[in-house]
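Asks: Chains as they are written, first to last, in the working numbering: chain A, 852 to 1059; chain B, 584 to 647.
By construction, these hints were calculated from the structure, which means they are not laboratory data. Note that CB positions come from ideal geometry on N, CA and C, so glycine has one too. A portion of the hints provided could be inaccurate.
[Said to hold, decoys possible] Here are the simulated distance ranges between beta carbons:
1. A:ILE1046 / B:GLY608: 48 to 58 Å
2. B:GLY608 / A:ALA1023: 37 to 47 Å
3. A:PHE891 / B:GLY608: 26 to 36 Å
4. A:ILE1049 / B:HIS633: 30 to 40 Å
5. A:ILE1052 / B:ALA645: 50 to 60 Å
6. B:ASP631 / A:ASN1024: 51 to 61 Å
[As the list claims (entries may be wrong)] A few chain A residues facing chain B, derived, Cβ under 8 Å:
7. ALA859
8. ILE871
9. SER904
[What the hints assert, rightly or not] Here are a few chain A residues that sit away from chain B, every Cβ distance over 10 Å (derived from the structure):
10. LEU905
11. SER986
12. PHE1013
13. ASN1029
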Amino acid sequence: MEAPQLEAVKQQFIDEEVIIITAGKSWGQPYNCEQWATNFGLTIPILDDEIDSLSSIFGNSIPHNVVIDGNGQIVYTSNGHNLAGIINVIENSLNTISGDYDDDGILDDVDNCIDVNNPLQNDNDLDGTGDACDSCDNLLVYVDGNIYGEVDYQSNYDIDIFDLITLMDIIANDDTNNCGYEIGDITNDGNVNIIDAIALIQRILYPE
Amino acid sequence: MFIFKYLIKFILFFSLVSSQYYQVGDQIENFGAPICMNGNGDDIWSYDQHGINKVIFLSVFATW
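Let the sequences and hints guide you as you build the complete structure.
Replies: As structure tokens, then:
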């Protein structure tokens, strides 16, 4: 698909739950990824398929176009530039988007576990992620600076050098998926950064 | 018989080669790739993270 056509498709479905992405390979002949976006005015995400992670599962012909409906089913996969056919398939797929992916009666916009059926929406640690899909226990384990997450059988914990090392690791790698990240904001300023590490050092040295 | 044997081999080979790609009607599993431009802060695009319950249009190209 030509770059201007992709942008046109994006504009056509900009108000719908449609994601347009493109993936490039053989960079440097002559454009690299950034040049490709700049020269052709692409604003959609451009993926790097240099190692064929996508071509190897969808098809090696170039260009290759794939449409996946709201149920995760392939509804179009073909090479070439059949823009009209692709738009038609996308339009027909819009009715597969339910707004309630896990069928638990809670719309995705407010569902605390979008892909796990949890109609009761229990969230014991009140971190906004439902218990059904929350791997971080912010009620007993990841609390009050216990970033390393070590507790004994009675749920007692110490704040020590291991928590500091873990926090430094989280900051250095911007590891937002780490359970310790959720309680890493020691200073409660909305950011997890070196200031929090300094605050944690003070807590370790001068426990209340 | 000679031609028949090679025909069977060709069909088997073609089936193996072509069956690795998703076909219309297949249910996809998670897939993804690094984002090199327009990622809005994300480094990786993955279906499970960005694509669930949405219609996805993916176009794969080469720069040549």
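Asks: It remains to establish, for every hint, whether it holds in the given structure.
Replies: The hints, checked one at a time:
The supplied range of 48 to 58 Å is met by ILE1046 (chain A) and GLY608 (chain B), whose beta-carbon atoms lie about 53 Å from each other. Hint check: GLY608 (chain B) to ALA1023 (chain A), Cβ distance near 45 Å, so the stated range 37 to 47 Å holds. About 33 Å separates the C-beta atoms of PHE891 (chain A) and GLY608 (chain B), a value consistent with the hinted range of 26 to 36 Å. The given range of 30 to 40 Å is respected by ILE1049 (chain A) and HIS633 (chain B), whose C-beta atoms sit roughly 35 Å from each other.
Judged by the Cβ atoms, the range 50 to 60 Å given for ILE1052 (chain A) and ALA645 (chain B) holds: they are separated by roughly 51 Å. Between ASP631 (chain B) and ASN1024 (chain A) the C-beta distance comes to about 21 Å, which lies outside the given range of 51 to 61 Å. About 12 Å separates the beta-carbon of ALA859 (chain A) from the nearest beta-carbon of chain B, more than 8 Å, and the hint is not met. The interface hint given for ILE871 (chain A) is met, as the beta carbon of that residue sits about 5 Å from the closest beta carbon of chain B, less than 8 Å.
Interface restraint check for SER904 (chain A): the shortest CB-CB distance to chain B comes to about 5 Å, inside 8 Å, so the restraint holds. With a minimum CB-CB distance of about 6 Å to chain B, LEU905 (chain A) fails to clear the 10 Å threshold, and the non-interface call is violated. Listed as outside the interface, SER986 (chain A) is consistent with that label: its C-beta sits roughly 15 Å from the nearest C-beta of chain B, beyond the 10 Å cut-off. Look at PHE1013 (chain A): its CB is around 27 Å from the nearest CB on chain B, clear of 10 Å, so calling it non-interface holds up.
Once the 10 Å rule is applied to beta carbons, ASN1029 (chain A) is consistent with being away from chain B; the minimum gap is 16 Å.
When held up to the earlier numbered hints, the structure conflicts with 6, 7 and 10 and fits the remainder.
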